[in-house]
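Below are the chains, spelled out letter by letter.
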Amino acid sequence: MLAQIIPGLGSLARRRGMAGKLVLVGAIITGFVVVMTVLSPILAPYNPSKINVGRPLTAPNSQFPLGTDDVGRDMLSRVIAGGGIMLQVAIVSVFVCLLIGVPLGLFSSHTGGYVDRLISLIMDSIYAFPGIILAIAFSLVLGRGVVNMALSIAVVYVPSYFRMVRGQVLSIKELPYVEAATSIGAKKRTILGRYILPNVTPSVVCVATVNFADAILTAAGLTFIGLGVPVNVPDWGWDLTNGRRLLPGGSWWVIAFPGLMIILLALGFTLMGEGLTELLNPRLEQGGEK
Amino acid sequence: MSDCMTLRTYVIARILLTIPMIFILLTSVFLVMRVLPGDPVQMHFEKMASPAVINQMRIQLGLDKPLYAQYFDYIVGLFRGDLGKSMQDYSSVGQQIFSAFPATLELAICSMLIAVLIGVFLGVEASKSYNRPKDHIIRIFGIVTYAIPVFFLGMILQMVFGVWLHWLPTGGRIAPGMAPTGLSLGGIHFSTGLYTVDSLLQGNLTEFGLSLKYLLLPSLTLGLVLCGIFIRLTRTNMFETMRLDFVTAAKARGLKDSTVTYRYILRNAFLPVLTMTGLQFALLLGGAVLTETTFSWPGLGRYLVDRINFRDYTAIQGAVVVFGIFVSIVSLIVDLLYAYLDPRIRL
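If you read the protein sequences in the order shown, they are chains A and B. For the first sequence, the working numbering begins at 12 and goes up steadily by one. For the second sequence, the working numbering begins at 96 and goes up steadily by one.
For the record, the hints were derived by calculation from the structure and aren't laboratory data. Keep in mind it's a predicted model, so treat the numbers as computed, not measured. Take these hints with a grain of salt, some might be off.
What the hints assert, rightly or not - For the chain B half of the interface with chain A, some residues (derived, Cβ under 7 angstroms), not all of them:
hint, residue
1, Val-127
2, Ile-238
3, Phe-246
4, Phe-247
5, Met-250
6, Gly-381
7, Leu-385
8, Val-415
Just so it is clear, CB atoms sit at the ideal spot from N, CA and C, and this is done for glycine as well.
Looking at chain B on its own, in the form it has when it is part of the complex (with noise of 0.2 angstroms):
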């Protein structure tokens, strides 16, 4: 191990060892699916149907071959997208995943947002009254919004806001008939399957609110249940940064109090929060399987439910490996950000 690595050797060496973990995760959820007691095709039709449609359905999906060659097949086929057929209809698994991924992106994003300005906020504001009233109350907040079961307070908002207030849609992603479709210039299509983006791409400011209203809701719930851990980060963080001398020197200079705050102190206190969202992400993926469901919120994480009540085994094999891999992906952007962000790190 050399004393002192460069960002390109940490770069490398990083991205070589996402790939055994990948290839750890896929193998695992391989093995999962056939070695442990229970058959899928058996179990999808609950042993209900006769010998000849399950080994029909065994041949159709390449279940009846060895394992070691449907191992291989496995392989190969993830490296060319090919996620499976579906147990319903032998429909392409991988086409599926790909037009319900852009809505748990969608939401992942707008959720890690919420979490992260509601729990830095509160985190700067706790650590200015440290060991104050108002500082406990932030922090029990912190405790208690983790608490509590994420499907749980969407229901709970559901109930205010929906059907109480009627102030805002109680699940879906967009009325009916509504949805953005992007960007058509001279015969080229161009669309993120974000609502929100597209809508602003097309210049439809009505589409645009109408989707920012449909997710409000998801992203509130998810946001406010991974909250805490912000909160936490930054008011430590914050503590540790406010007794600096820089920040003495700041005051002593005579800036403003929200100036020596936010310039100075919070700056150097990001790069945690930036490192914590990352680490967060396969929170915020499990989390949004659940707020999904509630919202009827049509992502990955709601095909994934749809297809356990299916017991659609191909299905949920690849959307298992859709959210490893997406997991991985994300954890290792941003350990490489971290790194070119902070020297100290390869060192």
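Okay, chain A solo, but in the shape it has when bound (with noise of 0.2 angstroms):
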């Protein structure tokens, strides 16, 4: 399935200029921070939990390029070690949404009726509900660590996959091709899977970017409220935290650099998103696209 989907990436990108280049700046700029990650013991110029390397609070340096936090810390090695709870959390979080979502919309449009009501009708009120209010209370109640925060995270965005290819199908159910396809006799499995599947995954991996980015910005807030993984690594969400009874002292920094990093990971997975969106699901645009 993803070989038919890359060739036809390909030459879609060619065709509309402007949203391939957001694939690929998005593409590059998430590949970074994850391999930046990654790499970050070998990267990074300090322990980034070691307190007292450097005296407390001193501003961007020679010896300190992003500084030092109120224990002595280098912003730098936290800055490079800081992003690995937020991207497990994202990708645990997506994980299970596409686990749930996917096969909820795909049941609820295939059994119809009533129960497709009901099912959608709670997927609605969940969908309408304020997110980060509804990650809060979950994050109350399964309590703290990562999968519990992942969990709290993908409750707020199975909606919008279940809409999403519930949607989907309804539409392709209704198309001729199908509907020659039942007639000579194929079976539901490979309706499913030769037509339906291939037409719900671009889709599905479009809400999945999006779905990225919004899962850090949530785990972020989350971890702004104080409900975030009590773990002593280094986490961007956490020197926020932090960071923040520092501000009226004038030590901008500490905060400066780990909130830039959310902002570069989180743009990344948008702007995938958004190109993606833009190449998967062609719009009516008229008139001088190139």
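Take the two lone chains, each set in its own frame, and fit them into one complex as the hints suggest.
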């Protein structure tokens, strides 16, 4: 299925310059951050958790290019290593969303009737609810930790996948070639695998990339409120929360650089999502798109 | 299903739909707080109090009753406006929420206004220079502002405008003792709780200016983060409307560009903006939670976060319920307004 999408992407990227560039830029940014995080043990000049490697609250200088925080930890090392938790939470939550949202959407649209309406109503209720508040509620009950945080965030975004899949399936089912396939006796399995899934997958990919960005921002938000992961691992969200009280004293570097990294990561995924949406769902924009 | 629904039928159907949705919301909040792993009272004391103390609170809050009895109390209580008692001091959660609510309302309205104004203006500008540098820059701006964590943007603005430039206050809603009290006419006291409105009702322009000063940074923060979607929406709609015949006719008649843009095109692109405002409302409230925490704005969002730190589960439940009901009502109003303005939706 991926093989069907990728050659398609290649030719589409050529035809729609701007959108292709967005995906490329987004992928580069995201790739950069991921690689940096993975290679952080090698790249970080100091141990990011070690206190007093430098004088506390020194502004960016030649020895500590991003300064030090209030207990003397090197900010550069913390920035390099700080993406781990956020990425883990995002990956797990997107995975859970895919695992629950997509099959639920397929099932609901296939079944139809009251079951479909009931599930849609529940999903709409969740979808309409302010995301972070829902995540807070679940996070409080489930407790802290990477998986629990990811689950709390996943609850918020499952409806997006559900609606996308359900909508797509309902419109695909009406298409003539699906009807033709049914009438020559194709099994449900075949229709699902050959007609429905290949058409649904690109949209799901679009939703997933934007979902990644949202998950990262929601995770940062939860950490800011105090519901973050309680481990002594460098984390951008944690630095933002901790550095907040240092602002009136003028120590801007403690929050500025971790914050920029969060923006960068979220931006990378958003750009990819924007570009992919434009590429994979051709819209009715007429006139001179080159 | 009838082929042609009247407005009245639509209104009734839409209102009827809201009721099960609110019920699902209330029930879900109730279940989440009680049925999922973790006992609220034990978690409140973080398992450090004696069983006697835990039991006493449980009885005081009615949490020792069987589940169905609690649910019944909960639903009936909600109808009466009783949202339970705070775990911290057993005072009325409803009262606390009622006093915090206007602050959030004021922040929400102001932020949405800023988001729409900036978003629509930039969207119009972008649509006028389609695919040229200005268009790309504006689109990137919209994307980037969405990717910024709202509390981070808040902190940056606090840093720049509060700490470095000393132009604006970094937190709070008004200077101590300066809160406007609204209008008092012969014994009748009328106050909206919105400091901007109340100060105007009092005729006190100093307080009005002051309340705006405090309101500016938080609502700018939230408004900037939300404007991206309005930029994109306006840009697309403007572009689609631009191609229609009546616009070409207007231009051919020699009307000024600005007249054509604002009176002809924008007016038609406006309806989707209205719907989007309603849809964004949930996002707005979520962002308000973080913004209020950043700016120590005494609204419902900050109340929620404070209660989280106290592990005050009854208060948290109450706040979540109020948020949910608020969103449901706003989306109901927006849907009804949209149906009233656009006849196509009922057909």
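Structure-based check of all given hints:
{"no.": "1", "hint": "Val-127", "in the structure": "holds, 6 angstroms"}
{"no.": "2", "hint": "Ile-238", "in the structure": "holds, 6 angstroms"}
{"no.": "3", "hint": "Phe-246", "in the structure": "holds, 5 angstroms"}
{"no.": "4", "hint": "Phe-247", "in the structure": "holds, 4 angstroms"}
{"no.": "5", "hint": "Met-250", "in the structure": "holds, 6 angstroms"}
{"no.": "6", "hint": "Gly-381", "in the structure": "holds, 4 angstroms"}
{"no.": "7", "hint": "Leu-385", "in the structure": "holds, 5 angstroms"}
{"no.": "8", "hint": "Val-415", "in the structure": "holds, 5 angstroms"}
Every hint, counting from the list given before, is met by this structure.
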